[in-house]
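Position chain B relative to chain A; hints supplied.
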Amino acid sequence: SQQGEEDPQALSIQEGENATMNCSYKTSINNLQWYRQNSGRGLVHLILIRSNEREKHSGRLRVTLDTSKKSSSLLITASRAADTASYFCATDATGTASKLTFGTGTRLQVTL
Amino acid sequence: DVKVTQSSRYLVKRTGEKVFLECVQDMDHENMFWYRQDPGLGLRLIYFSYDVKMKEKGDIPEGYSVSREKKERFSLILESASTNQTSMYLCASRPRGGGAKNIQYFGAGTRLSVL
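Just so you know, the sequences run in chain order A and B. Numbered according to this note's numbering, the first sequence spans residues 1 to 112. Numbered according to this note's numbering, the second sequence spans residues 1 to 115.
Okay, chain A solo, but in the shape it has when bound (with noise of 0.2 Å):
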C-alpha cells in the first residue's frame, strides 16, 4: 500500500530559485524520509526526520513534519540545474518491522 503521497507530481522552476515538496501519509510514524532519485538510477537517502522533531536541516534542504496532520514538506532552497531529480518521501511506520513505504514521488525539472 502507498502509504506517501507526494505533491505536486511535477514541478517546474528556474535556477535559484526555491523548490517545495509535500508528502501526506496515513498512519503513526517512527520517522519520514527523503530520497532522491536520477533518471533511471537508484534512490539516495537526502534526510530523515524523527517523530517527536517538528524541522531539520541539511545543507540547502529544510524538511518539516508535522505528526498532527500527517504530513511533510521538503525545501530545496536556490535550487540548480543538477537537483533535477525524483524526489521521494518513505514512512517507517510503527508496527511495520520497519519496512519503509513509498510515496509516488515528485519530479523536480530546474531550468537554466
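Don't read these hints as lab results, they were simulated from the structure. Treat the hints with care, since some could be wrong.
[Unchecked claim] Restraint ranges, calculated between C-beta atoms of paired labels, are given here:
#1 E79(B) x A82(A): 37 to 43 Å
#2 D59(B) x G59(A): 29 to 35 Å
#3 E30(B) x K56(A): 22 to 28 Å
#4 T77(A) x E56(B): 35 to 41 Å
#5 K69(A) x E30(B): 32 to 38 Å
#6 L75(A) x K53(B): 41 to 47 Å
#7 A82(A) x R96(B): 31 to 37 Å
[Said to hold, decoys possible] Example chain B residues on the side facing chain A (calculated, C-beta under 10 Å, incomplete):
#8 R44
#9 E56
#10 A92
#11 G98
#12 G99
#13 G107
#14 G109
#15 R111
Computed from a predicted structure; not experimentally measured. Every residue, glycine too, gets a C-beta built ideally from N, C-alpha and C.
Frame of chain A, contents of chain B only:
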C-alpha cells in the same frame, strides 16, 4: 561507502523464461529488499529478507520468489516471466536496527523488459 550492486542494468527476456536478478551489498547489512518501480505507482515492495535464508512477503509478491543463501546476496526470481513484469527493479539494503538506522541504500536498478 555502502555499495549495492545489481548484476544487470538492462535485461530483455521472453515470456515464460525464468529470470534471475542478482543483488550484492558489501556492508554486512542484515536486511535486504526488492522493489519494483512503475510510473505513477512509486516503489512497491516485493520481498524482503532480514537474515540469511529468511524472507518475508512484501506488498506484491505474486509471480516472484527470492533466495538469500549468503548474507551479502539477495536474488529475485521470476519463475515464468510475463509482460506485466516489465518494470524497473530496485534492490536495497540496510543494517539491523530501527529508528535512525532505518536508512536504505539502493542499487542502480535493473530495467527488465519481458517480450
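Cross-check of the supplied hints:
1. E79(B) x A82(A): 37 to 43 Å: holds (41 Å)
2. D59(B) x G59(A): 29 to 35 Å: holds (33 Å)
3. E30(B) x K56(A): 22 to 28 Å: The hint (22 to 28 Å, Cβ to Cβ) holds, given that E30(B) and K56(A) are roughly 26 Å apart.
4. T77(A) x E56(B): 35 to 41 Å: Since T77(A) and E56(B) have Cβ atoms about 39 Å apart, the given range 35 to 41 Å holds.
5. K69(A) x E30(B): 32 to 38 Å: 34 Å Cβ-Cβ, so the 32 to 38 Å window holds.
6. L75(A) x K53(B): 41 to 47 Å: Roughly 44 Å apart at Cβ, these two residues keep to the hinted range, so it holds.
7. A82(A) x R96(B): 31 to 37 Å: The hinted range 31 to 37 Å holds for A82(A) and R96(B), with Cβ atoms some 34 Å apart.
8. R44: holds (8 Å)
9. E56: holds (8 Å)
10. A92: Where the cut-off is 10 Å and the nearest Cβ of chain A is about 8 Å from A92(B), the hint holds.
11. G98: Holds. Min distance 4 Å.
12. G99: Holds. Min distance 6 Å.
13. G107: holds (5 Å)
14. G109: With Cβ-Cβ at 5 Å, under 10 Å, it holds.
15. R111: holds (7 Å)
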